[in-house]
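Based on the sequences and whatever the hints tell you, model everything.
Protein chains: 2
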Amino acid sequence: MKKIAIDAMGGDHAPKAIVEGVNQAIEAFSDIEVQLYGDQSRIESYLVKSDRVSIVHTDEKINSDDEPAKAIRRKKNASMVLAARAVKDGRADAVLSAGNTGALLAAGLFIIGRIKGVDRPGLLSTLPTVDGSGFDMLDLGANAENTAEHLHQYAILGSFYAKHVRGIAKPRIGLLNNGTEATKGDSLRKEVYNFLASDSSLQFIGNVEARDLMSGVADVVVADGFTGNAVLKSIEGTAMSIMGQLKSAIAVGGVKAKFGALLLKSSLYDLKDTLDYSSAGGAVLFGLKAPLVKSHGSSDAKAIFHTIKQVRTMLETDVVGQLVEEFSKESDVND
Amino acid sequence: MKKIAIDAMGGDHAPKAIVEGVNQAIEAFSDIEVQLYGDQSRIESYLVKSDRVSIVHTDEKINSDDEPAKAIRRKKNASMVLAARAVKDGRADAVLSAGNTGALLAAGLFIIGRIKGVDRPGLLSTLPTVDGSGFDMLDLGANAENTAEHLHQYAILGSFYAKHVRGIAKPRIGLLNNGTEATKGDSLRKEVYNFLASDSSLQFIGNVEARDLMSGVADVVVADGFTGNAVLKSIEGTAMSIMGQLKSAIAVGGVKAKFGALLLKSSLYDLKDTLDYSSAGGAVLFGLKAPLVKSHGSSDAKAIFHTIKQVRTMLETDVVGQLVEEFSKESDVND
Chain U
6 MKKIAIDAMG GDHAPKAIVE GVNQAIEAFS DIEVQLYGDQ SRIESYLVKS
56 DRVSIVHTDE KINSDDEPAK AIRRKKNASM VLAARAVKDG RADAVLSAGN
106 TGALLAAGLF IIGRIKGVDR PGLLSTLPTV DGSGFDMLDL GANAENTAEH
156 LHQYAILGSF YAKHVRGIAK PRIGLLNNGT EATKGDSLRK EVYNFLASDS
206 SLQFIGNVEA RDLMSGVADV VVADGFTGNA VLKSIEGTAM SIMGQLKSAI
256 AVGGVKAKFG ALLLKSSLYD LKDTLDYSSA GGAVLFGLKA PLVKSHGSSD
306 AKAIFHTIKQ VRTMLETDVV GQLVEEFSKE SDVND
Chain L
6 MKKIAIDAMG GDHAPKAIVE GVNQAIEAFS DIEVQLYGDQ SRIESYLVKS
56 DRVSIVHTDE KINSDDEPAK AIRRKKNASM VLAARAVKDG RADAVLSAGN
106 TGALLAAGLF IIGRIKGVDR PGLLSTLPTV DGSGFDMLDL GANAENTAEH
156 LHQYAILGSF YAKHVRGIAK PRIGLLNNGT EATKGDSLRK EVYNFLASDS
206 SLQFIGNVEA RDLMSGVADV VVADGFTGNA VLKSIEGTAM SIMGQLKSAI
256 AVGGVKAKFG ALLLKSSLYD LKDTLDYSSA GGAVLFGLKA PLVKSHGSSD
306 AKAIFHTIKQ VRTMLETDVV GQLVEEFSKE SDVND
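Going down the list, the sequences are from chains U and L. Just remember that our numbering sits 5 ahead of the position in the first sequence, which is counted from 1. Just remember that our numbering sits 5 ahead of the position in the second sequence, which is counted from 1.
Treat the hints with care, since some could be wrong.
No copy labels: a pair is met if it fits in one copy or bridges any two.
[To be verified] Derived DSS-like pairs (lysine-lysine); straight-line CA-CA distance at most 30 Å: (1) Lys189 with Lys81; (2) Lys252 with Lys270; (3) Lys75 with Lys195; (4) Lys195 with Lys277; (5) Lys263 with Lys93; (6) Lys189 with Lys121; (7) Lys75 with Lys189; (8) Lys189 with Lys8; (9) Lys307 with Lys168; (10) Lys189 with Lys261; (11) Lys263 with Lys80; (12) Lys195 with Lys307; (13) Lys263 with Lys81; (14) Lys54 with Lys270; (15) Lys270 with Lys195.
Keep in mind the hints are simulated off the structure, nothing from the lab. Please read all numbers here as calculations on a predicted model, not as lab measurements.
Here it is, written out as structure tokens:
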């Protein structure tokens, strides 16, 4: 039985969306058990009773504007902190939250802890491509600064994720750079390029440009946390702006445009589906001793369901156990 | 009379699109003179004769796949090199090309030269916002690595551009960062933040996130060249992917969807217009002793016309002269 600790109080639509997502997952997957951390009576008002769901009551929660590290230290009984502690103490196998991202990352690092040999866990998400297959990118901003060694580890981490969780036999690894030629980039990129090119365990395809990510140029894209964060937010902002523009162009276009949009409805839904990558789950802080997944703050029940499904796949394939083994080999070599 | 040297052979649709854009500009603006560098007979086949247009014939040109610095050194009679040299020698006031970006930047730095006091000229473009007003961002990739001093200079350069060329009285300057709080970012960003916050000549509004750029969060966005390049290409790639998806969603949607799209036509054109920022002109390598503007490789006659218009505004407002004065003051202070 896979035991998943879930922060019921994090996110814009908590606890309703969280609990309803849990209801769906419990029905769909007979091999999971869920522990819900948060306000018992509010959770119960949405929960479909099941002997595979338990509630751990707490009044305390971390708010979206709390200072992350401080919140983790001071709010010892916050729903998110208790959920992370359950993993640390072996009472749960993985943790999921839609709450304060910084606080969740801090909880991951300080409570669950890093895999031995992984210097700086990276934030990994599966992002959309036009053909629907998606690509994994990390680090999306868990770190503000990274060394070449960190980026080499991200290539290994991303490769493991794509292989085990997404079932891609030989994930193509690309290094995000300002041009495709081997000599491109700043000193960090040049150093990373050499690391990746000489690591025979990776299928390194060279430098990739941000322009080509959504065309599926690579299965895994390696970036430092600062650039990865900027690219992620650029993609999000551009997609949101265009969809908003399309909506308002239709709105001001009068009856003719509205009728046109009605006829186009299913095509526009297809477009929205392609851009909506919540079906790939949430963002993983990868490199920790257990799966820790951040679901988007605006997650609805469906997004929570998909994130639970993602966590279940991570547990089923034991991708974290595989990583532990890989990095113990690496540190043996380095000894 | 404003004298503009134009590389007639650069870009995907050269010399046709270039020359046709020149024809339009010569008709629209009575205060410009154009020198066209390239294949005389091919240029003449598109040119509307005017006593304000001259042709300087050359058989040599820089190709899009030439190695930039090498091409500039070896192809001394290339159309782009001759155009830049005309500026250097005082026979022209500004240079425009739609050719090899790297080569044009190299021509700018090695032939035209930097303004005294500007350490690293930055590539600046006006990018689209949903309200149509746009924002300026630099450095978009002229440099792979930047110091805090460079970014401080980009804030000054961007502020001058927005003020003089775009007519924004007090341009709001934002620092591209991984969060809006003052303490966010890597060590580079923290250093730049302090520089900008203590420079009373700038209207610094703090950190901005890539997610909010298209919403018009700032008039000028300051970034290092590596991140700026990644953000620019992310915006371009996402916009292209979504528009492509929309097109193919309509195509596979059958007769109903096609009829819907027909009714929506003008709304979809509005959307395309918002995203098409070629009306704001090309990318300026800003910080050189004269305006040097790169028009997109895929530029059509209209885009070339708008880039000439942009160059004319830069000459009319003498924004480069203003910069020279500003940076001579700065170096006096530093002496």
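Verification of the supplied hints:
| no. | hint | result |
| --- | --- | --- |
| 1 | Lys189 with Lys81 | between (47 Å within a copy, 25 Å between copies) |
| 2 | Lys252 with Lys270 | both (12 Å within a copy, 14 Å between copies) |
| 3 | Lys75 with Lys195 | between (37 Å within a copy, 21 Å between copies) |
| 4 | Lys195 with Lys277 | neither (37 Å within a copy, 37 Å between copies) |
| 5 | Lys263 with Lys93 | neither (54 Å within a copy, 56 Å between copies) |
| 6 | Lys189 with Lys121 | between (32 Å within a copy, 28 Å between copies) |
| 7 | Lys75 with Lys189 | between (40 Å within a copy, 16 Å between copies) |
| 8 | Lys189 with Lys8 | neither (46 Å within a copy, 35 Å between copies) |
| 9 | Lys307 with Lys168 | within (25 Å within a copy, 48 Å between copies) |
| 10 | Lys189 with Lys261 | neither (50 Å within a copy, 47 Å between copies) |
| 11 | Lys263 with Lys80 | neither (50 Å within a copy, 56 Å between copies) |
| 12 | Lys195 with Lys307 | neither (42 Å within a copy, 39 Å between copies) |
| 13 | Lys263 with Lys81 | neither (52 Å within a copy, 58 Å between copies) |
| 14 | Lys54 with Lys270 | neither (38 Å within a copy, 51 Å between copies) |
| 15 | Lys270 with Lys195 | neither (47 Å within a copy, 47 Å between copies) |
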